[in-house]
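Could you put together the complete structure from these sequences and hints?
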Amino acid sequence: MNIRPVLVGSAAVLGTCLLAPAVLTAPANAAPLAPTVRTAAAAAASSVVTDVVQEQHASGAKRWVRLAVSVSARATVLLRDASGDVVQAESATPQHDAVFRLEPTGADTARYTIVANGTERPVDVDFHGLGLSAPVDQTDERGLERLRRAIVAGDTEHGIRYRAVPGAEVEVSANGRTETAVAGADGIATVHVHFVRGENEVSVRQTLGNASSDVDVDHYRFDGDEAGGGDGGGHPGPGEGSGDGGGHPGPGEGDGGGHPGPGEGDGGDDGSTIPSDDAFSVDVDRAHPLQPVDGKVTVSGTATRGAVTVTDAEGVPLGTAPVQDGRWRVDVPATESGVLVLRFDLRPEPGGQVSDSVRQAFVVAAQPSTPFTFEQAAEYQRHDGLVHFEGTAPEGRLVVFRLREKIGETRASGGRWSIDVPLAAGHHGVRFLFVPDGSGATEEKTALVHVVD
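Counted the way the working numbering counts, the sequence shown spans residues 7 to 459.
Hint data in this document are derived by calculation from the structure and do not stem from the laboratory. Be aware that a few hints might be false.
[Claimed, not checked] Quick list of in silico lysine to any residue cross-link-like pairs, SDA-like style, CA-CA up to 20 angstroms:
| hint | residue 1 | residue 2 |
| --- | --- | --- |
| 1 | Lys302 | Asp331 |
| 2 | Lys451 | Ala384 |
| 3 | Lys412 | His102 |
| 4 | Lys302 | Val345 |
| 5 | Lys68 | Thr162 |
| 6 | Lys412 | Pro428 |
| 7 | Lys412 | Val93 |
| 8 | Lys68 | Gly173 |
| 9 | Lys68 | Glu109 |
| 10 | Lys302 | Glu450 |
| 11 | Lys451 | Val345 |
| 12 | Lys68 | His225 |
| 13 | Lys412 | Thr452 |
| 14 | Lys451 | Phe407 |
| 15 | Lys451 | Gly435 |
| 16 | Lys412 | Arg86 |
| 17 | Lys302 | His225 |
| 18 | Lys68 | Arg167 |
| 19 | Lys302 | Thr326 |
| 20 | Lys68 | Gly193 |
| 21 | Lys302 | Gly332 |
| 22 | Lys412 | Asp103 |
| 23 | Lys412 | Val92 |
| 24 | Lys302 | Phe407 |
| 25 | Lys412 | Arg167 |
| 26 | Lys412 | His434 |
| 27 | Lys412 | Arg80 |
| 28 | Lys302 | Leu324 |
| 29 | Lys451 | Gly421 |
| 30 | Lys451 | Thr376 |
| 31 | Lys412 | His433 |
| 32 | Lys68 | Lys302 |
| 33 | Lys412 | Lys302 |
| 34 | Lys451 | His433 |
[Stated by the list, open to error] Beta-carbon label-pair distances, calculated as ranges:
| hint | residue 1 | residue 2 | range |
| --- | --- | --- | --- |
| 35 | Val299 | Gly124 | 36 to 42 angstroms |
| 36 | Glu320 | Ala431 | 54 to 60 angstroms |
| 37 | Ala453 | Gly182 | 55 to 61 angstroms |
Treat the numbers as computed from the prediction; the structure is a model and nothing was measured. No residue lacks a Cβ here, since even glycine has one placed at the ideal position from N, Cα and C.
Below you can see the structure in the form of structure tokens.
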């Protein structure tokens, strides 16, 4: 795919933009902008909350308040907004605070309520003087490819969706034109942007009342032909640099382009591909390298139909997977850490010619010294409405979900993790998501648990 969104300042890599919640885990190494504020509001005598500390932070065009809740005993800490909705649940112990990241709302203060072990404690979060975070482009990789095809065909006016503060005016400037739109109640503003073929510098900011964000700058490049040919581009790969458009980055030295469209490359036996409108993409998570399991890593993506064949940089076949319900996945050998370059060929028809090819570089992480495990029991006893789970893991963060609802979060330390989460008696499907520190890949485990009183 002949598109190259370039990381500039705090601008996001557009091909991997995700809709971020308003409350996130705060980075541990971000420096506070203002003196620490300790909330001294009186709490019920039975409350386990002993201290609430808030700090203003900034990184590039991003702004947030870090809210840390200290407790005297293990507890699940809920944070409710002014409407009473639970925005996040975090586990806490006397050794580890529950930490929340709150993005500015445009007001000087916002009222939240901390709930721990059935007791409530209000807190007014101070956003005064912090400003707003810059809006975030919500275009995904497939959307970028559709943009590229339209722009090289001469259709240069497009509506781009930005995540912003509800009610804020989002201002976007590109190629000598400035357009604005107001974010709806869902926090999405669709702004008309004038693109040109080739390089595009797009500046974006948002304003709500007297609060505004810094200007954030994203760079796009749209070139090639309507079918997908071109001189390179693609999403940035591991390391720095612009690459050569061929898709063969060396370790740490650039992206190498690496997304030839239909009509380019040697997909079939005769060295040709057949142009097709079938959607085809490869999942790439720049923040989390692939984690080997039993000497293999899993690569996946989307496609409309057919089957996907994976080969290594030398053309050796590594596996083929059918497209099922719009998704495909293949396990390929990966015995060493470093950069792994793979080619993916889509054949819409069994035994037919290749309609689309993608060459992609991945970073393969070293095998962790401690595996991520969940120690499952036949049944779990509730205590004070909480259920205890534990297992092994390297250093990192563990998040627990019931269906799609987040019900707790903790950290693994010393090779172990444990957490108490609120669950009613009965059977529950529980998902454990582990995010290791450093360069490891995210892992996930699911289980059907039986909870009894």
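Hint by hint, here is what the structure shows:
no.	hint	verdict
1	Lys302 to Asp331	violated (24 angstroms)
2	Lys451 to Ala384	holds (17 angstroms)
3	Lys412 to His102	holds (19 angstroms)
4	Lys302 to Val345	holds (14 angstroms)
5	Lys68 to Thr162	violated (29 angstroms)
6	Lys412 to Pro428	holds (10 angstroms)
7	Lys412 to Val93	holds (10 angstroms)
8	Lys68 to Gly173	holds (18 angstroms)
9	Lys68 to Glu109	holds (9 angstroms)
10	Lys302 to Glu450	holds (16 angstroms)
11	Lys451 to Val345	violated (26 angstroms)
12	Lys68 to His225	holds (18 angstroms)
13	Lys412 to Thr452	holds (14 angstroms)
14	Lys451 to Phe407	holds (11 angstroms)
15	Lys451 to Gly435	holds (11 angstroms)
16	Lys412 to Arg86	holds (14 angstroms)
17	Lys302 to His225	violated (35 angstroms)
18	Lys68 to Arg167	holds (18 angstroms)
19	Lys302 to Thr326	holds (15 angstroms)
20	Lys68 to Gly193	holds (16 angstroms)
21	Lys302 to Gly332	violated (23 angstroms)
22	Lys412 to Asp103	holds (18 angstroms)
23	Lys412 to Val92	holds (10 angstroms)
24	Lys302 to Phe407	violated (27 angstroms)
25	Lys412 to Arg167	violated (26 angstroms)
26	Lys412 to His434	holds (13 angstroms)
27	Lys412 to Arg80	holds (18 angstroms)
28	Lys302 to Leu324	holds (11 angstroms)
29	Lys451 to Gly421	holds (17 angstroms)
30	Lys451 to Thr376	holds (16 angstroms)
31	Lys412 to His433	holds (17 angstroms)
32	Lys68 to Lys302	violated (37 angstroms)
33	Lys412 to Lys302	violated (30 angstroms)
34	Lys451 to His433	holds (17 angstroms)
35	Val299 to Gly124: 36 to 42 angstroms	holds (41 angstroms)
36	Glu320 to Ala431: 54 to 60 angstroms	holds (57 angstroms)
37	Ala453 to Gly182: 55 to 61 angstroms	holds (56 angstroms)
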